[in-house]
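A.B. asks: What follows is each chain in one-letter form.
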Amino acid sequence: SQTIHQWPATLVQPVGSPLSLECTVEGTSNPNLYWYRQAAGRGLQLLFYSIGIDQISSEVPQNLSASRPQDRQFILSSKKLLLSDSGFYLCAWSVRQAVSAEAFFGQGTRLTVV
Amino acid sequence: AQSVAQPEDQVNVAEGNPLTVKCTYSVSGNPYLFWYVQYPNRGLQFLLKYITGDNLVKGSYGFEAEFNKSQTSFHLKKPSALVSDSALYFCAVRFTYYNAGNMLTFGGGTRLMVKP
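As you go down the protein sequences, you meet chains Z and A in turn.
Note that my numbering has the first sequence beginning at 1, numbered continuously upward.
Note that my numbering has the second sequence beginning at 1, numbered continuously upward.
Keep in mind that the hints are not guaranteed to be accurate.
As the list claims (entries may be wrong) - Just a few of them, taken from the derived set where beta-carbon distance is under 8 angstroms, the chain Z residues facing chain A:
| id | residue |
| --- | --- |
| 1 | Leu11 |
| 2 | Phe104 |
| 3 | Phe105 |
| 4 | Gly106 |
| 5 | Gln107 |
No lab work stands behind these hints, which were simulated from the structure alone.
For glycine and all other residues, C-beta sits at the position ideal for the given N, C-alpha and C.
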């Protein structure tokens, strides 16, 4: 069966420090991968999606970047964190080219920038 | 452009009573529709989806949803609410043709509070 791992679960970082959040998927190949941010426990904002290795699309301009160095690895990064980067970050995957397939989410990372 | 709306920020229901969480959508053509649940500080869990066929879809934990094309709605229902159903619920929609990224568009979420 497929599983998605996301770490760390919580992170407290000072303003101006770098960020690296990692997500890996097991049990599937060639997945679509996604990074979402959830502010204040409400709506989801799609940050990045990827349809393949080194193929990253950004949905919103921001202080963050994403990379996909391997088929089942998706990394969210920042060179210098801002207070506004605080939030709950969720990684997800879905079967590529399967329009009826649901997306599966990781357990999330709570990032607090202080 | 496709969009999905959840008109209620919060729904309150007594334990044992039926519950409904509303969702309406706007999409060209036929949609694929999904419901997810989120417990505090956790990821989203898939509950059910509508692809085609029977308008009443049954999912996990006793939840079901009714697809209504004329009203462009996909309301989530449960005949008898449990306190443990208290959580944040998200409706999502996707086009029925493949688009790069195959993204889901999510509603803003509805908080369900079930009181004993």
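A.B. asks: A separate judgement is required for each hint: does it hold in the structure or not?
C.D. replies: Against the structure, the hints come out as follows:
With its C-beta approaching chain A no nearer than about 13 angstroms, leucine 11 of chain Z sits outside the 8 angstroms limit, and its interface hint is violated. The beta carbon of phenylalanine 104 of chain Z is positioned within 8 angstroms of a beta carbon in chain A (closest approach about 7 angstroms), and the interface hint is therefore held. Because the beta carbon of phenylalanine 105 of chain Z sits about 4 angstroms from the nearest beta carbon in chain A, less than 8 angstroms, this interface hint is met. The beta carbon of glycine 106 of chain Z comes within 5 angstroms of a beta carbon in chain A, closer than 8 angstroms, and the hint placing it at the interface holds.
Given the 8 angstroms rule on beta carbons, the hint for glutamine 107 of chain Z holds: about 5 angstroms separates it from the nearest Cβ of chain A.
Checked against the numbered hints given earlier, the structure breaks only hint 1 and satisfies all the rest.
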